[in-house]
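Asker: Each chain is listed here by its residues.
Number of protein chains: 2
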Amino acid sequence: MTIGRSEQVALTRGLLLRTAERMFAEEGISTVSNRRISEAAGQGNNFAVGYHFGGKLELLRAILGHHNAAIEPLRRTMLSDLGPEMGMREWISCLVRPQTDYLRSLGTPTYFARFCAQITTDPKYGPLLYEQKDVSEELITVLTGMYAALPSLPPSVLEIRDTMARNMIVLTLADHERACAAGEASRTWEDIGEQLVDALIGVWLAPVTNE
Amino acid sequence: MTIGRSEQVALTRGLLLRTAERMFAEEGISTVSNRRISEAAGQGNNFAVGYHFGGKLELLRAILGHHNAAIEPLRRTMLSDLGPEMGMREWISCLVRPQTDYLRSLGTPTYFARFCAQITTDPKYGPLLYEQKDVSEELITVLTGMYAALPSLPPSVLEIRDTMARNMIVLTLADHERACAAGEASRTWEDIGEQLVDALIGVWLAPVTNE
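Heads up: the protein sequence lines correspond to chains B and F, in order.
Take the first sequence: its letters are residues 1 to 211, numbered as in the UniProt record's numbering.
Take the second sequence: its letters are residues 1 to 211, numbered as in the UniProt record's numbering.
Here chain B stands alone, though its shape is the one from the complex (with noise of 0.2 Å):
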């Protein structure tokens, strides 16, 4: 049996794309150029990464657009599951659960929350983790009832508790991440989930001092 072309290419890019998001989770997004990853998913072409993507920001899209794709479908049952009656803790735990069920279902090691943490802290690649949110309808869904359900604050307050929550919530998930991959975490993914929520409705019902 002959593997065809469009096989061929779909392996060849997913070999990348698994690559690629370990040496960035491991090392950083700058600090892994494209013939490197090219390289260690043995492609005896240095160029496999253009030629399968494009560039690097393109390749950081797919690997973001993989995950995203796959979580999503996560947060729709989750969604469906709760029903109309929804407060802001199930609304933070549609934000966060799927993410942690995700993560849990690859089994042991994963690099996507490592991969996030990277890119959340990259001066040029920054950005990219939240403009995915533009795509999926789901997110937009409970991004929208999470907001309506906080109590009200002033927009330069919700604008700088939600950096606070994006930033606690990615950096989180990382260090559990590598806590799993070396063997030392104390904890599972749903208890890691738990933590995060009961911390996220500290962050949003923080009173506020002065603005």
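Mixed in with the good hints, there may be bad ones.
[Claimed, not checked] Listed below are the simulated BS3-like cross-link pairs for lysine-lysine, each with C-alpha atoms no more than 30 Å apart in a straight line: (1) B:124 x F:56; (2) B:56 x F:124; (3) F:124 x F:56; (4) B:56 x F:56; (5) B:124 x B:56; (6) B:124 x F:124.
Bear in mind the hints are in silico, worked out from the structure with no lab data behind them.
Please read all numbers here as calculations on a predicted model, not as lab measurements.
Position chain F against the provided structure of chain B, taking the given hints into account.
Answerer: Same frame as chain B, but now just chain F:
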């Protein structure tokens, strides 16, 4: 007037520190080689970092040590100003405000907050950020006081919220520093400090759902 040998060494060392901090902050820790730092600092000898610091680990420690030594007196002053009647808010302020006051005192642009954010997500050097606390008496006083003022939490919840709180401080300061450097900051360092203290109180006071 000629510059003596020891002054020359101190000048070169200071120049390497500032150059390295800026490059690490803007590009990440692993991306930047000792050779590139030496070159960017205009050192004819490409091994200047090795000669003056020993290696990257010692260089990172020297950058952290330089700033922490300057933050300590601010922490000491704040502790003595606040007097003996301190609650959770005052202790958390003693953790946050000396950092924001220090960053403000440096003028714009600063690099230290982004440098800390880069270390935080660096798989190899991440733990460096918190080993320094062992040598600052003021920071130990603040952390001891803060932990004693917190509501009673199961040890494992205390641990994860501690990590969340640290990450929140580091990334929020880095985000603001980046906005300042880009001329896009809509807040002051003082206000960032207040927003952080409010949100951190929320994290620590959030009820625990499951343990």
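Asker: With the threshold set at 30 Å, check whether the alpha-carbon distance from residue 56 of chain B to residue 124 of chain F stays at or below it.
Answerer: At roughly 23 Å apart (the allowed maximum being 30 Å), residue 124 of chain F and residue 56 of chain B satisfy the hint.
Asker: Keeping to a limit of 30 Å between CA atoms, is the pair of residue 124 of chain F and residue 56 of chain F held or broken?
Answerer: Status holds; Cα separation ~11 Å.
Asker: Is the Cα-Cα distance between residue 124 of chain B and residue 56 of chain B 30 Å or less?
Answerer: holds (11 Å)
Asker: Are the Cα atoms of residue 124 of chain B and residue 56 of chain F separated by 30 Å or less?
Answerer: Holds: residue 124 of chain B and residue 56 of chain F sit about 23 Å apart, inside 30 Å.
Asker: So if I understand the rule, the pair passes when the alpha-carbon distance is 30 Å or less; does residue 124 of chain B with residue 124 of chain F pass?
Answerer: Measuring from Cα to Cα gives roughly 21 Å; hence the hint holds.
Asker: Between the alpha carbons of residue 56 of chain B and residue 56 of chain F, is the straight-line distance 30 Å or under?
Answerer: holds (27 Å)
This entry satisfies every hint, going by the numbered hints stated previously.
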